[in-house]
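S.K.: Starting from the known structure of chain L, arrange chains C, P and E on it as the hints suggest.
In case you want the letters, here they are:
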Amino acid sequence: MRTTAIDVRVGSDDFNVQVEYDALCSHNTDDGAVVFFVGRVRDLNEGEAVHSLHLEHYPGMTESVLQQLAEQAAGRWPLNRVRIVHRVGDLHPADQIVFVGVSSPHRQAAFDGAAFVMDVLKTEAPFWKKETGPDGTSRWLDARQSDTTLAERWR
Amino acid sequence: MRTTAIDVRVGSDDFNVQVEYDALCSHNTDDGAVVFFVGRVRDLNEGEAVHSLHLEHYPGMTESVLQQLAEQAAGRWPLNRVRIVHRVGDLHPADQIVFVGVSSPHRQAAFDGAAFVMDVLKTEAPFWKKETGPDGTSRWLDARQSDTTLAERWR
Amino acid sequence: MSEPVQVKFFARLREELGVSSLNIPAEVVPDLDALLDWLVKAHPQWQPALQGKLMTAVNQSMTSSNVALQPGDEVALFPPVTGG
Amino acid sequence: MSEPVQVKFFARLREELGVSSLNIPAEVVPDLDALLDWLVKAHPQWQPALQGKLMTAVNQSMTSSNVALQPGDEVALFPPVTGG
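Chains as they are written, first to last, in the working numbering: chain L, 1 to 155; chain C, 1 to 155; chain P, 1 to 84; chain E, 1 to 84.
To be clear, the hints were calculated from the coordinates, so they are not data collected in a lab.
Just so you know, these numbers come straight off a predicted model, no measurement behind them.
Please note that the accuracy of each hint is not assured.
Cut-off 25 Å, straight-line C-alpha distance, at most; resulting in silico cross-link-like pairs (DMTMM-like, lysine to aspartate or glutamate) [what the hints assert, rightly or not]:
#1 Lys41/P - Glu15/P
#2 Lys130/L - Asp30/C
#3 Lys53/E - Glu48/C
#4 Lys53/P - Glu124/L
#5 Lys53/P - Glu152/L
One chain only, chain L, in its complex shape (with noise of 0.2 Å):
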């Protein structure tokens, strides 16, 4: 039975790409594919200059969430680490949002674990996004339909 290594975490604390890597790495040699994902913040989203971004959640149940879909992934493919780390406040364009990072032995296993955290995180974690533009004004942005159908391919 493989036990995979999981680390969640929620907050306001900006994350290092190379020590989220490092993490899926050190004294690691089972696994031949490590496969991530960041999501950063644009200065145009939807047509519409971003100036900053909040991200409002749900405390607990955000952590929750996202500890369950890191054990979901690792239940469908075999992975032997995965991180999650979701960043919550005010962000600006190019800050970084999201970070989820796999490793497999096995190349399709590493691609497919990451994009399906990527996908139902995108769908179920509770998190919402408030754009404010140039002028001062701000709008909570709509869940879109191509997100939900790119969870469902996981069903």
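M.R.: Same frame as chain L, but now just chains C, P and E:
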């Protein structure tokens, strides 16, 4: 017309994940999604213990195939930056072999672009691996049908 | 007297209602449907916001059916999520 | 006298043949099939290795058909690739 920044390197030097990631992200507020893959040397491959791995290549053709792969990926998906690094020479378990990183405004494009480059690289870029076991015996690895199958899905 | 049911609102819904959480006596909200009826009856001005597309979690697990509620349960109502 | 065709061998095939490259007068190898015939005729002991599953590149582009060869062309024969 999108201009994709492509960087391809082949050589014996190791690479640094943070440096590659920073090169995908610096002065880049267009891309909300970064996906990368790192291939590493395992200490066990197809049931055989691995002491070291020698990577031979076809100088000149490797660089040109990787460049073409990056261009093909950029033609199929909206990728603003594509970076491919592949090492050659003598490597040991846990050493990094290959880096493929892409950035895109869109998450799925980034995942598909990176997976495409890896899948086709595995079946078309002229690299060959020779493993040496703990007893000093060496064997050239055989190409795997599973890699051919993964590459064929992009045809 | 038993523990109440706690209701939390997030994001746009929280802003529209002007409330982030409230407690309701468990006796009057035996299940999620009853909870929604109670909210609209007690706060008619909330009806438009509560009729929008919302997600529901009970004790921090998403649910899409009308589950029974117990004293001390934590119910959350919020718009479809947009993280990542 | 025109430039020869250069033939390169890689990896297991290079080890099996004991040769990494050789030049052949372009006149005697008008296309890839002729090149393979020439190699086996000139080096009968190479036949088993050359009959294995091989990939072929002409001027550093992979090909799977019997393309015509020109003076100065670079042909490479090698086992299926295993990088990444």
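S.K.: Indicate, hint by hint, whether the structure satisfies it.
M.R.: Each hint tested on the structure:
1. Lys41/P - Glu15/P: The hint holds at about 19 Å.
2. Lys130/L - Asp30/C: 18 Å, holds
3. Lys53/E - Glu48/C: 23 Å, holds
4. Lys53/P - Glu124/L: 14 Å, holds
5. Lys53/P - Glu152/L: Since the Cα atoms of Lys53/P and Glu152/L sit roughly 19 Å apart, the hinted pair holds (cutoff 25 Å).
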